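Peer 1: Listed below are the residues making up each chain.
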Amino acid sequence: EAQVTQNPRYLITVTGKKLTVTCSQNMNHEYMSWYRQDPGLGLRQIYYSMNVEVTDKGDVPEGYKVSRKEKRNFPLILESPSPNQTSLYFCASTPSRQRTSYEQYFGPGTRLTVT
Amino acid sequence: AQKVTQAQTEISVVEKEDVTLDCVYETRDTTYYLFWYKQPPSGELVFLIRRNSFDEQNEISGRYSWNFQKSTSSFNFTITASQVVDSAVYFCALSDPEGNKLTFGGGTRVLVKP
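Each protein sequence line maps, in turn, to chains A and B. The first sequence stops at residue 115 when you use this note's numbering, and every number in between is there. The second sequence stops at residue 114 when you use this note's numbering, and every number in between is there.
If you're looking for bench data, these hints aren't it; they were derived computationally from the structure. Because the structure is a prediction, the values reported are computed rather than measured. Possibly wrong hints are sitting among the right ones.
To be verified - Where chain A lies over chain B, by a calculated footprint (3+ residues, C-beta under 8 Å):
1) 17–25
2) 43–56
3) 59–70
Unchecked claim - With beta-carbon atoms standing in for the labels, derived distance ranges:
4) Gly62(B) / Thr20(A): 18 to 24 Å
5) Glu53(A) / Glu17(B): 36 to 42 Å
6) Thr30(B) / Lys69(A): 17 to 23 Å
7) Asn84(A) / Lys3(B): 28 to 34 Å
8) Thr31(B) / Thr86(A): 44 to 50 Å
9) Phe54(B) / Ser80(A): 27 to 33 Å
10) Pro40(B) / Thr113(A): 32 to 38 Å
11) Lys3(B) / Ile12(A): 30 to 36 Å
12) Pro108(A) / Ser71(B): 22 to 28 Å
Don't be surprised by glycine CBs; every beta carbon is placed ideally from N, CA and C.
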């Protein structure tokens, strides 16, 4: 089954404790992206990657890091989480050459709480 | 910079009523793409429609229809004869010409009461 998976689905952590949210897709998509969803603000793009080793900032990259060492994986790293990073996070992917032609396939979401 | 505004934060209707969700966007690009996504209570994001800036033809898919008006920078979404299963948050989104950046509106929560 074609899908985007995220782990963990739920995470409660404390301020300053480094964490990684994994994202993996099995569709051989070149383009992947991370978003955060906050009430009233919709989804805001954090980082995106057009291919292996090619990443760029979205609208709200502060406090986050990403890496793209393999095509299928695009982890989101919070090196020193803070309470304002409490949010619902979505990973998405799409075939690169069809970025503008097709919708992005979204993962199920990761709900992160930083206390 | 791109911007998407969904002025209606919440709409409540009774089943079988029609409901229209407004979406107004801002962009300096002449080529762009517009999307609607549905987020049901279960939380996943479901793609509904994509429209490019050169195609102003309105579209109907079952009970769903979309009205794209470039002159007013609007891409409105209508659910005809709403059903309880339509209860969800609906997001309008705008993509840059390359498809790298997707900007979402704040979402409109639709509550359909039986």
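Peer 1: Could you tell me which of the hints above the structure violates, numbers in ascending order?
Peer 2: 1, 3, 4, 5, 6, 7, 8, 9, 10, 12
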